[in-house]
Structures are given as C-alpha cells and as structure tokens.
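First to last, the sequence lines map onto chains A and B. Residue 1141 is where the first sequence starts when you use the working numbering, and the numbers rise one by one after that. Residue 1141 is where the second sequence starts when you use the working numbering, and the numbers rise one by one after that.
These are computed hints drawn from the structure, not numbers from a lab. Please note that a few of the clues may not be correct.
Since the list gives no way to pick one copy over another, a pair counts as held whenever it fits inside one copy or between any two copies.
[What the hints assert, rightly or not] In silico DSS-like links for lysine-lysine, alpha-carbon gap of 27 Å or less:
1) 1232 to 1458
2) 1178 to 1505
3) 1246 to 1530
4) 1287 to 1169
5) 1316 to 1232
For clarity, every value in this text was computed on a predicted model and none was experimentally measured.
2 protein chains.
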Amino acid sequence: MAKIAVLGHGVVGSGVVELCHKNHAGIVKKAGQEVEVKRILDLREFPDLPYADKFTKNYDDILNDDEISVVVEVMGGLNPAYEYVKAALNKKKSVVTSNKELVAAKGAELLAVAKENNVNFFFEASVGGGIPIIRPLHQCLAANEIKEIAGILNGTTNFILTKMIREQMSFEDALKLAQQLGYAERNPAADVEGADACRKICILASLAYGMHVYPENVYTEGITKITLEDVAYADSWGGVIKLIGRAKALDDGKLLVMVHPAFISSDSQLAGIDDVFNGIMVRGDATGDVVFYGKGAGKLPTASAVVADVIDVIKATKTNPTLTWVDTHENVVVDHMQTSVAFYIRCVAADGAFAEKLAEQCFGKVQMLSRPDMPREEIAFVTPELSEQKVYDSIQYLKENNVDVLSAIRVLDY
Amino acid sequence: MAKIAVLGHGVVGSGVVELCHKNHAGIVKKAGQEVEVKRILDLREFPDLPYADKFTKNYDDILNDDEISVVVEVMGGLNPAYEYVKAALNKKKSVVTSNKELVAAKGAELLAVAKENNVNFFFEASVGGGIPIIRPLHQCLAANEIKEIAGILNGTTNFILTKMIREQMSFEDALKLAQQLGYAERNPAADVEGADACRKICILASLAYGMHVYPENVYTEGITKITLEDVAYADSWGGVIKLIGRAKALDDGKLLVMVHPAFISSDSQLAGIDDVFNGIMVRGDATGDVVFYGKGAGKLPTASAVVADVIDVIKATKTNPTLTWVDTHENVVVDHMQTSVAFYIRCVAADGAFAEKLAEQCFGKVQMLSRPDMPREEIAFVTPELSEQKVYDSIQYLKENNVDVLSAIRVLDY
C-alpha cells in the first residue's frame, strides 16, 4: 500500500485526485500495490467534496506522517513549494511535481537532496503537460548523444500565433480570445514574454546535457512584437512564425539555449503543431529527429503525467541514476551574440532602393520577400546566416541611415 | 561490468556494436557500470573488423558463458531467434530484441519466461525504430486508459505513398525507386502487403490492452491496389492516403485491430508524416492525443533503441512489472465486418447518373468527389459511417448491377 499526499488542490491537483479515483484499478495494477491519496494540502476548504476529510492546512500533518511515502507538489510558484519539497525529500519521501518554475530554479539541488536520501524527485509534468518527454529524453534516448532540442513549449503563445496565422487576428485580439477561453492568465506576461517556455527549455537542456541551465542566463524574447505583416512575410517565404525554445551543445562545451519567435518552414514537423498543442523535437546522433506532440497543458493531461510519475516512484527501489544533472556553479550558456543564425528583417525607408542597397551592404546576399498590399516604402528580406552581433550592429547602422527596422525575427531550419 | 552478446551482425547488429563503441562513455555513465560487447554470433566471418575475435558461430559459446548477462537478438525471423531467446531467458540472461516477428508471434510466452527467471525481455526497437514508443506506452502513459492507437508503422510503404502523392509516381515506379534506394526488399511483400505494419500494431495493441493479439487474427490490407486516381480523389477530398495500423478497445472487451490504407484529413498530424518516417498516435483518456514521430527504421535509429534497452536491462534489478501481457488463448480481435467506418468508393458504369442513384440507395447520403480529367463514366464518393458488412454487401450489389467498383478505401478521422 502506497499512501500519497497532494500539495495544492487547484486545476492539476484536483485532476490528480480525480485520476487516481477514475483509473484506480489500472493504476494499482501498474504500481503493483494499492495506491491511496491520504492527505491534501490546501488553504481553501472544500466541504462538499466526498474526500473533504483528507484536507489539511498544516503541512506538518503530511511531513510527519510516516505512512505517506510520496508527496505530489502541484501548488506552483517557487515558495513555499521549494521549502516543502526539500523538507519532504529530507524526510525520505519521494516527490513528484509539475512545477516548472521550481525545477528550473532548483532542479540540481533537489535532485541531489533526493539522491542523498535515496528517494526520487520526478517532474515529467513540468514540460509538455501530458506529452512524455522527460522520461524518453533520459531513458529511451539514453544511447544517443543529444545534438539539439527545439520545441514549441507554450500552448498559450502557440494558440495566439495560430489565430494570427490562420485567421489574421491581431496579437491583441488573439490574446483577448485566449484569455476568454481560459488559455491565458489575466496577467499573460509569463506566457507571451517567453518566461514559461524559457523554464521548460532550461529543464530539457539541463537533463540532456547534465548541467543546470538557469533561466536568467537564457536570452528570452516573447511574441508581443509579432505583427500580421510579419505573418504575411513568413507565409510568402514558405513558413510560419512559432515561439521556439531551443538548446544545442556547442563544440567548446558551452550550450546555446534561447527562446524566441522564429520563421519555420512549412515542411517542418514543428510548423504543423497548432493551437494549444506543444511539440518537441529531439535530435539524437543515432536516432535522428524524434518529435513528441500533444496537449502541453490542461488539467487531465498534466495530471496523467503526474500520476505516471507517482506509479514509477512507487515501483522504484532507489534514486533513478539517469534523471539527474549537476550545478556547475557557472554560466554554461554561451552569449547569444556570439552565435550565428539567419534573420528575417522588415524595414521602411523613404527610398526603398537605397534601403535595399544598404541591406546588401550590411548583410550580404539577402532574399527579398513580398506580401500582398505591400507599401512602396517597405522592404523585407532574409539574411544569410550571420553572427547575432553582426546583425545587431547592422540594424544599428541601418537606423543611423534613416532606415527604420520594424521587425527582426530569427529564421531556423528544423 | 556488464557483458553482452549480440546475435546477428547484420544492419542492426553492426549498428549496436558501433554505437556501443562510439557513445561508450555516455552509455557507461547511464548504465552506472562498464558495458562490453563480449561475443557476436554470426555464421559469416568478418576477419577485417577490429573486433573480429569476438565472433562465434556456436550459440553455446554465448549461452554457457555465465559472464554474459544480456543477449541482444537482432537476427530477425522466427527461427532460430525464438529458440535462442527462450534458451537465454531460461539461463537467466535478459534479452533485448528488435525482432517484431518474434515479439508479435511469441511475446506473451517470452515475457512469461522472462518473469519466471526474474530477468527482462525488452523490445523497444521492434516498433518505430528509434522512436521511443514501447516505453512511453507502458510507463509514461501508465495513468491513462488507452482509448486508441493509430500509426504509420512502415517506412517503405509511407515512402511509396509519399512519392505517389507528391510526384504522381505510379505505385510500380515508386516501389522500384524504394528498392533502388534500399528502402524496400527485392521481395517487398512483407512491406507492401501490410504484414510488417500488422506485426507492429499487434505488439502495440498487446501492450496497451494486456492481451496477446496475433497477426493472423488481424485484417490486413496493403497498398498494392492504390492508384494515382485514388490519390487525386483523396486530394480533392482534402486529405492523403496513408497505410494505417490501428487498435481500439471496444465496449464488449474485444479489440478492433486492423491494418489498411486510409483517407486521412490533411489537418491530421498523421497526414504530415512523410517519406520513410513513422508516426504513432496514442489517444489516452487523460492525456488526449500524443503523437510520436521519427525515423522508423535504419541502422543507427534502430540500434539506438536497442542500446537504450540494454542500458535499462543492466540497471534493472527485477522483471519490469508493466512491460507485460498475457495470452488469453482466444481470439481477442473483433471480426472487422462487424465494425463501422466511412468508405471512399470509386466506380465506373455506362450510366453515371444511374450509378450515383444506386450508390445513394446502397449507402445513404454520400459525398461526391471529383478530380481533374475525370472520365465521364467514373464516379467517386465518400459514404457515411456504415458497418463493413453493409459496405461489402453494397459493393456486391453494385457489381451485380454492372457498376464496376475499382477502389474502396476506408476514411478515418484522426
């Protein structure tokens, strides 16, 4: 008999309890023993629930209950989740979490604490919701050197971009719709500014490359500046704009980790991942490109990933040796200005021909783009692959020459 | 130190040895101990290989070597692979295989023998090559009831169909090209007649539903009858033709398991899986649709799945409790004639209007299709969802009324 406690009875927490009840027989069969939710921590009261007696507002009731061997942390936020999780691990309780903020900020430390206590700290649900990605990455793809990871990791921004692409909705209108549908928070900054995607790519990069990647070291650009004009140019180029989180091992041992909108060719498997779906491409040296696709959020998808982790934790006899990384206590992420990529650039100038000449002078051979109803003074093009520093400098130079750069979006070739 | 033996030094076998050498450091780190390929069984000689001294032609050299704890079976075919694997398990050696024929025919028995001996029988590489699917199915998606599985499981047929769809190549020409490129065997029957896809969906269905599904009980239709006319009608309908293996739990406890070409809407994530790629959709009750996509075959992708299994087997202390199913000794697959699906039907008749009237009479409200340069005497349409028996009877009826039915392809709505 395994007894578990759930910290937080919000969307995911209530989903975990629901799933444990609904698929009880299958879960017990897979875990090899009875599984019971014994306590639920929440400051709110839920007197009408059939399991109202399980609730407590005092974490000590869980921490000091030796019968409880697994703690599910689905409160979100860094504090007190961090303190609660660490205390549970130190009490030799395994922890399962869906909290990407916690894993991205404290993963290396909590994995080490879990190991000291010979228990587990699992977080499949922290990336990609119900899509299995954490376990395939460290277990199924274990024979590979991971060359690169690139993913659409945030459903809210993907929904907004899909509306802009398919229905020519403006960013503002699409955001409003996302809020109405409950896909976006009232304060949507964490989604639309890229912080959520950043946490997720940090977790994937840390796991793939064995070194903790901190969000604050990762260049992160959201989608708030994307316009319908950019969408039209992407279309004429043969692609779409997606918010991509990517991580890549460089030859010098450093990592390229970035989050930004990007032009993606329509042929790419990532291009077809629309609406609130997430998709993650893992490029292994042996396996080639493997793509994982599904619902990246939502009550039951996320809860199902949590419960799968709970089943695994119950079956485990010791700390999983492959789900781990270390804190190198230095910044392992390369300065993005030193990396190279192609850019799409859109600008306006009184003299279009002059701007085009300047562009060629700055960037070399560019690929000119057009769109329906393109104003005479607008030009748009895709540069060759150049260092980001060079592109940045060139944009400054254009501005100094009265060419107004309206958009600059990276072009990726997945 | 874990010592392994590899049975068969063909494409996959040599890939396994290559990968163990190439990614040795990473593999050792993940396995938590030194890993060495000690012996290789092959009737051929490879005197020029640096590891020529590892070869043997006598399986007893492996079976009776107590140092060897893991046997990798990558010979293919049912015999002697079956005897070899069973003998190894009975000697308490774990077995990793890429052999779908073996798993589809003998999976339940070999899993039971592994359990009796407290060792493991793993076969991630038997489905989807380098795509992680076996492990995610029984482990990551453990909290789900699997509603349905549908996949493009054979790269050769997917390559042929892609050439027909994108380049209007005939089936015969596309097959010839596939043979030239090494994607298809000289005798391509196992691929183009669907037997390979059938074995794979049997393995997935067995694992998802816990009961051995035998290939001989599964209705299997290949792609040899698909014409460019069918491709054109699929296009006009808004989709493509793919060879789909599917499995679904029915309310009466039986399973629907079938392999056949199908119209798939262009909006479907399966529609975009082209060339030699494979893609597998798993529909869970909690997680929704999750799609796994990647190279379904090839030396290194398949070898990487084998080596990942080897790493897991080395780390395991007992038989994996979730990678299992039983032989119910009865046919668990429903007669496909009793199941319902929509059909695309193409026919010719001297009197087109009469044929259309007959079609409506037989099938109810049909959706008429057209294509460029459509001959006057041809009609094509999509029926509503009907029992396969009803469709079969109606096609007989059309034929009796001098309407020649040229094509009948199922229409799926993934």
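Quiz item: So which of the earlier hints does this model not fit?
Solution: Hints 2, 3 and 5 are the ones this structure does not satisfy, whereas the remaining hints hold.
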